[in-house]
Every structure is written in structure tokens, then in C-alpha cells.
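If you're matching them up, the sequences are chains A and B in order.
Counting in the numbering used here, the first sequence runs from 2 upward without gaps.
Counting in the numbering used here, the second sequence runs from 4 upward without gaps.
Among the clues, some could well be false.
[Said to hold, decoys possible] A partial selection of chain B residues facing chain A, derived with a Cβ cut-off under 10 Å:
no., residue
1, Y96
2, L421
3, L424
4, R425
[As the list claims (entries may be wrong)] With a cut-off of at most 35 Å between alpha-carbon atoms, the simulated DSBU-like pairs for lysine-lysine come out as follows:
no., chain 1, residue 1, chain 2, residue 2
5, A, K120, B, K59
6, B, K465, A, K84
7, A, K132, B, K76
8, B, K596, B, K539
9, A, K132, B, K680
10, A, K120, B, K555
11, A, K132, B, K596
12, A, K172, B, K59
13, B, K692, B, K656
14, B, K76, B, K59
15, B, K465, A, K172
16, A, K132, B, K378
17, B, K498, A, K120
18, A, K172, B, K539
Calculated from the structure, these hints are not laboratory results.
Note that beta-carbon positions come from the ideal geometry of N, C-alpha and C, so glycine has one too.
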Amino acid sequence: MEERRYRSASGAPIALRRRQHSASCRELAVRCPRLQLRSLSAVTSAVWLAAYGLFVLSENSMVLSAAIFITLVGLIIYLHFVKIDQESLLVIGSLGIQVTSSYASGKESTTFIEMGRVKDVVINEAIHMQKVIYYLCILLQDPADPQGVSEVVPLFQSSKPRLDCLIEVYKSCQEILEQRKTAPQSSGIK
Amino acid sequence: MAAEGPAGTAHSICMVSDFFYPNMGGVESHVYQLSQCLIERGHKVLVVTHAYGRRKGIRYLTNGLKVYYLPLKVMYNQSTATTLFHSLPLLRYIFVRERVTVVHAHSSFSAMAHDALFHAKTMGLRTVFTDHSLFGFADVSSVLTNKLLTVSLCDTNHIICVSYTSKENTVLRAALDPLIVSVIPNAVDPTDFTPDPSRRDDSTITIVVVSRLVYRKGIDLLSGIIPELCQKYPELHFLVGGEGPKRIILEEVRERYQLHDRVRLLGALEHQDVRNVLVQGHIFLNTSLTEAFCMAIVEAASCGLQVVSTRVGGIPEVLPDNLIILCEPSVKSLCDGLEKAIAQLRSGTLPSPEAVHSKVKTFYTWRNVAERTEKVYDRVADEVVLPMDERLNRLMSHCGPVTGYIFALFAVLNFLFLTFLRWMTPDSIIDVAIDATGPKGSWADRSPLHDAAFQGRLLSLKTLIAQGFDVNLVTTDRVSALHEACLGGHVACAKVLLENGAQVNAVTIDGITPLFNACCSGSVACVNMLLEFGAKPQLRNHLASPIHEAVKRGHRECMEILLAHEVDIDQEDLQHGTPLYVACMYQRTDCVKKLLELGADVNVGKRLDTPLHAAARKSSVEVVVLLTDYGANPKCRNAEFKCALDLAVPNSKMEQALLLREGPASLAQLCRLCIRKHLGRSCLYAVHKLHLPEPLENFLLYR
Chain A
2 MEERRYRSAS GAPIALRRRQ HSASCRELAV RCPRLQLRSL SAVTSAVWLA AYGLFVLSEN
62 SMVLSAAIFI TLVGLIIYLH FVKIDQESLL VIGSLGIQVT SSYASGKEST TFIEMGRVKD
122 VVINEAIHMQ KVIYYLCILL QDPADPQGVS EVVPLFQSSK PRLDCLIEVY KSCQEILEQR
182 KTAPQSSGIK
Chain B
4 MAAEGPAGTA HSICMVSDFF YPNMGGVESH VYQLSQCLIE RGHKVLVVTH AYGRRKGIRY
64 LTNGLKVYYL PLKVMYNQST ATTLFHSLPL LRYIFVRERV TVVHAHSSFS AMAHDALFHA
124 KTMGLRTVFT DHSLFGFADV SSVLTNKLLT VSLCDTNHII CVSYTSKENT VLRAALDPLI
184 VSVIPNAVDP TDFTPDPSRR DDSTITIVVV SRLVYRKGID LLSGIIPELC QKYPELHFLV
244 GGEGPKRIIL EEVRERYQLH DRVRLLGALE HQDVRNVLVQ GHIFLNTSLT EAFCMAIVEA
304 ASCGLQVVST RVGGIPEVLP DNLIILCEPS VKSLCDGLEK AIAQLRSGTL PSPEAVHSKV
364 KTFYTWRNVA ERTEKVYDRV ADEVVLPMDE RLNRLMSHCG PVTGYIFALF AVLNFLFLTF
424 LRWMTPDSII DVAIDATGPK GSWADRSPLH DAAFQGRLLS LKTLIAQGFD VNLVTTDRVS
484 ALHEACLGGH VACAKVLLEN GAQVNAVTID GITPLFNACC SGSVACVNML LEFGAKPQLR
544 NHLASPIHEA VKRGHRECME ILLAHEVDID QEDLQHGTPL YVACMYQRTD CVKKLLELGA
604 DVNVGKRLDT PLHAAARKSS VEVVVLLTDY GANPKCRNAE FKCALDLAVP NSKMEQALLL
664 REGPASLAQL CRLCIRKHLG RSCLYAVHKL HLPEPLENFL LYR
């Protein structure tokens, strides 16, 4: 297992972890920085200050309790549905690709794509918010038309690594996909 | 493509305009052609425009020309809204990641172009602006646009106009120093506009008009000219291509004077169809009321037509006097001009279309335009961009007291916004985009082996192989050297590669095999040799089919060889249909003939479309006659529930030919079809076994 440090498109530091299980099985995980106590306290105090201002104006103590309630619920929702700590990619040559994102609360969501449906893994460019970024995506084969692409599955959507990191992941994926491609062809000729 | 290196340094140019493909027009093709020629000259070029419908994001065109379709809201007439600020984050990101050195904006109607100029100046980049249109000075809207133009251009490094009239106009409107304004006219691709005198009908005189049917193009004048001349000359016909709000006027005129058979309105034309319309005429009429540089008359002259035009804007500069008759923009003057042209035509004193074409084709080429534009870039690169304080001074002194101060304030705000953005995402965090432009871009990872194979340099190919180059080396899109050799039609090279173990059935990313490429180049020897080395003549359904390609390009011999190797003659490709259908689509008469002789099914095309539909659509009478002789059913209806007759152009020879074959066929024809049906596909050989008298046999085989 090896770990390397990169930056995300917005400049935050991220880490790419690579684990080689066997020749045709590889796990790649991008880890985002954890939730900082500093930003947490900054947001909380901002909300509470605003609530206190309202309280002074309206002289209704409901505002204060609502503020506490909102901060708590907001934090839970943020940790459980928004903040992703780690996104990982498990590529198994003969089986498929498994994409896992782990949320800060410990919740995990996993999707699995069969190797038969994977057409290729590519790096693409896109306009995202007010930026133009590179991203890695899996192209799914269209069952009706073998040349066509039915769907594009973007990877590492929350961490958005920069190009140097993406190239690293891309190369690892291609090495395994390459094995898959050459294997059936050579047997087909013989 | 001879990529001579640029004289100075290679620039990284960003073309910005609201108008680009898929929108069609003069500015769009100017931007595209200029970009392509600049890429050829070794510069890096990218185009930035706004999103068109579902076309947004980043696309690549020919030679790796990168196009950014930005998701900005369109306000009016394909022009984006301008707030001067909202586009800064994205444009700045693009300028930084592409390492742009020169920002080249096009068209004064394009709000995005002005925005980009404004931001580029704030960022300290060099700016060039091309003006494509003329304006008035009188009404309120022109006064306002002129004011905006003054602001936008007063600190732009260089301005390019398309004609001297346009330069005069721009210099006056924007109160510029004439020294920073250059004139570079537009160009026409002369190979697209070649004359073809056989397509005209010399028993009549046809006047062609191709223009948008709008007020600016003088369609009201046209509606006055048509009835007057039609009364005077009974053999005169009008052919009008284009669409627009003024079409209704022409339709009224046609109705009132009962000219349905003599005035044809073709509706909107695709650019590639323009030539086919032009070559049908003798005289080209342009009635524009204002025009900076008229592309249409150059295209018409290139097709060998006599041009009659109004004397407005930059038109008098465009063509030499002996190729154009200039008139005042009035019905009377234009009629006189047309009568003069008709008289010349009748007396035969006009130069021949070929002579005119060979003269015109040297006038305006895109390479020339690119060369001259490059000089402007070189000049601009040596200039300094105004620093902020001087820019503010210029704005305030140049643009009047009120506007000047307002825009100086905007410039300051823009600078503050930029500083904020630089603090949020520093330039160092923005990834440098991978450069894919040009033949040396990252798309082109061809090895020397590919080049040698493509150019057919046998000796160097052998040397390279001897040096240990892998013959099966492929590019990113999996093109092998064998593919290249076959595309170039170099048998000897292909043979060397095959003998050294090149894979004969290698497939590229686009599903193309060497055999397909050989059929594309039409090299019979290549096809034969590939088949000898075991190439599969018929591929799985999703791969590009060689026989369809051979038919499409009209390489009949390649097609015959493939058929002799047991390719299914009625193989229906999802994209192209059957070979017979393709042959009809591309009007390859000898292929159609051969396919029918060899027993192709005459009624199978592409899904419900039969070959007859294709032939009718392409108005090739000869093919239709062939098809019906072989028993094509004219009553077959396609997916739109139309039969072939519905697709033919009204009152054409095509329609007559189809109408002739409406009723029941003759008895002899019916017998022949019946016998052939019973004999099946091998008819050609089976007929001999019947031992019929020779005339009968010949009749059955259509000899």
C-alpha cells in the first residue's frame, strides 16, 4: 500500500491511496481532509450570532432554541448526506468495478458495475460551476449498439482531484482493463 | 498539409464570438476557417462561444480545434446577455488553463466578444477585434451601439475590418486611430465553388438570388424587379434560395403575376447545397442595401456566374469591374444592370465560367487571410498592454465625460473582482489544459512508421522495420501502419507490412479495418492482397462495412471483388442500408447497374426507404430508370408514408420520369420480371442454362 499527496481542483489537500491485492485487482482511494473544528465552530458561531441579533430585535427566546436546533440538525444532515470523507474505486479485472463513497458519519454507498458493461475508463473535461475541470469517468456500453455509450458515470465527484492525480488513477485502471481486452482476443484468434 | 512553421513565435489564440457552429453564417465560417488555417501554421487556437441547446461543454473539431460552449443565457438573436461581470470567472479560468496570449473577438453584435475583450484587458492579455458588419449613425440604436463600440475598442490593441468601407465605418463609429485598424478581406474556399455549365439549362436564362430574405438584403427591390423583367423576357427564370420574414412578399408577387413556374423559392439552404443552386444559373443578383464584404458574390463569381449587384458598402472593392455589374439600389437601375447582363449573355460576350473561376480562385483564400492575421498577432505581441492607470485615463479622455467615467468605474470593479477570484483560486491551482491542437498535438501519436506507410515511402518503411519498429504499433485510436498504407493505396507498403506480420483484421476505435481503408482509397490491388492475406470481407454488423464504403466512393471494381468473395449483396447496414441504397444515395450509376445485374434486391433499402426513394430524392433520372426497369415498386411508401413520386421536385424531369412509370408495365416487362424472380439471385448464370435464343437472353439480362 502506498499513499501520495495531491490537491483537489479547489486547492484542498487530498491523499491517494493505492492498494494492490493481486495482478488484476486494485483498490484506489481518494481521502479528503476531515471536517475541521475551526470551520465547524466558525459556522456555528455565525448562526448563533445571527440568532442572537434576531433575539435582541424580537425579544422572543424561541429564536435561540430554534438556532440550536437548526445547527444540530444541519450538522447531522451535513455529516450524513453531504460530507464525503473517502471515495474509493475497486477494480477487479474479471469481475467489474466497485465505486464506494464513505460519508463522514460512517455511512457508505456502493455501486457495482459489471466488467461486461464497462466500455472504458477515460479522463474528460467539463464545465463545473464557474470552473473547467478534468474528471475521471466510466463509460458504459450500450447493449443495443456495441460502438455507442449508454451512460457516463463520473468518479470522485466530491473530492475532484487535479489532473496529476487523475492520470495516476487512470493509468492503474487502464493496466487492468488492458489485461481484460487482450485476454479474450488472443484466445479468439487461436 | 504543409505545416510551415510560423515566422515568429507560435501564439496561443482564443477566438471569442457568440456566433459559431452549429449556427450558420459568415462570421461562423470565418472563425472556423481562420482557426483551421492558423492551426495549420502551427499556432494553438481555441474557440469560445455560448451553449447551443444541448451542445454545451467542450468539443473538439477537425485538427483538434477545441471549442468551449459556455452555459451562458442567450438574450436576443443568439447573442448573450452582458453584465460585464458574470462571465469573468469562467473566461478567466479558460484563459489561464489554456495559457492564452492573444484574445481575438469577432463581430460587434456579439456581447460575449465585448465581455471577453473587457476581461482580457483587465487580465493584461493582448486583444484583437474583427468587425464583420456596417452600421448607420442616425437612429437611436446605432448611436447606442456606436457608443458601446467606442468604449470596447478604445483600448483594444488592434482591429481588423473586412473591407476598406468597413474600416472607414468602424474608424468613424468608434473614433479610432486608423493606424491600428487593418483590412483583411474574407475568403472563399474555391474548391467548393466550381462551375459546372452542364447543369444550366441554356434554352432559358436563370437569375439566381441566394440571400437571407430580410429587409437589409433588399428583398423589397427584388419583388419590384421580378415582375418587370418577367414581362419583358418570356424565357427568364428566377431561382431564390434563402428564408426569412420577407419571403411573404415574394410569394405575393408570384401569386399576383402568376409566375409559379418561373420563380422558384427554395427555402433555407445548407451551405454545402449553395453551390448546386448557383451552378444552375447564368446571372447572380445581389440586392443588398448594406454589406461590409459580400461573400455571396464571390461564391457566385467562383461558380462562373455574371454578377449584378447594388453599389453599397464594401461591394465595389470585392470583384474587378469586368466580373461585376454595379447598379444603384433602385428597381430601375438594377433592371438596367440585369438587362445589360442578359444582352451580354445572348451575344455571347461573357467570359466562360472556367475562365472566371480560375481568375476568382486566386483572389480570396483562407491561407492568405491566416497569413495576414498572423502578422497582426506578431505585431500585437510586441505591443504593451495598457496598465490600469493608463487604461482608466484612456477611457475617461476618449469616451466622453459620462460614459467614460461609468466604464472607468466598471473597469475598476472588474479588476477588484479579478483580484478576489485570484485570491479564491490562485492561478497555480488551475490545471494547464492538454494541448491537442494541430498535427503535432497529443491526438497525433503517429509513429514514423505510420507516416512512411501513409506516404508510400517503401524504402524508409523497410529500414524502419529493419530497425525493429513493431509493425503492429497503434495510435491511441488504434490505427496501425497497415491502415495508413491502405488509406494511401500503397500496395507495396501494405505487402511489406503484411509479410512482416501486421494484423490484417486490426480494428480501430471507429471500427475501421485495413480492408475498409483500401475500399475507401479505391485501390483494387490493395483489396486483392488483403483478401489473399485472409482479411474478412464481411464484418460483424457494428463494424464499418467495406462494401458500403466502396460503393459510396464509386469504386466499382473493389465492390465486384468483394462480391466475388461472397459478401452478401443485400447486407443491410443500420446506418447506411443496403449497398444498392448507398449507390443510389451517392448517384453511382455504374455501381447501381452492376449491383442490379448481380441480382441485388431492388426494393430493399434502409428500413422502409427503398433505393427508389433515394434516387428520387437525389433527382438522378438515369438511376430511377434503371431501378424501375429492374422492377422497383414505385408505390412503396417510406416511414413518412411518402412514395418516390412525393419526394421528386415538382415539374422536374424526375417527376416526369416517375409519372411515365405510374401505370401497369408492359407485358414483356412483366414476363421478364417474373422469369427473373423465379431464377432468383443467380439469374445472370442461370439464364444461359435455359438455352434461349440470343435476343431473348439479351432481353432477360437487360443487354
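Hinted pair, alpha-carbon criterion (35 Å max): K692(B), K656(B). Please report holds or violated.
violated, 40 Å
Restraint status (C-alpha distance of K172(A) to K59(B) at most 35 Å)
holds, 28 Å
Tell me if R425(B) is really an interface residue toward chain A, meaning its C-beta lies closer than 10 Å to one of theirs.
violated, 12 Å
Distance restraint between K132(A) and K596(B), which requires alpha-carbon spacing of 35 Å or less
Violated - the C-alpha atoms of K596(B) and K132(A) are around 58 Å apart, more than 35 Å.
Compare the distance between the alpha carbons of K132(A) and K680(B) with 35 Å, and conclude whether the hinted pair is satisfied.
Measuring from Cα to Cα gives roughly 66 Å; hence the hint is violated.
With chain A as the partner, please determine if L421(B) meets the hint condition of a C-beta pair closer than 10 Å.
Violated. Min distance 13 Å.
Verify the proposed pairing of K76(B) with K59(B), using a straight-line Cα cut of 35 Å.
holds, 12 Å
Between the alpha carbons of K132(A) and K76(B), is the straight-line distance 35 Å or under?
Holds - the C-alpha atoms of K76(B) and K132(A) are around 17 Å apart, at most 35 Å.
Have a go at the L424(B) hint: is there a Cβ in chain A nearer than 10 Å to its own Cβ?
holds, 9 Å
Holds or violated: K465(B) and K172(A), Cα atoms, limit 35 Å.
Judged against 35 Å, a Cα distance of about 33 Å means the pair holds.
If you draw a straight line from the CA of K132(A) to the CA of K378(B), is it 35 Å or shorter?
holds, 33 Å
Has the given pair, K465(B) with K84(A), been kept, meaning a C-alpha gap of at most 35 Å?
Violated - the C-alpha atoms of K84(A) and K465(B) are around 60 Å apart, more than 35 Å.
When the structure is compared with the earlier hints, violations turn up for hints 2, 4, 6, 9, 11, 13 and for no others.
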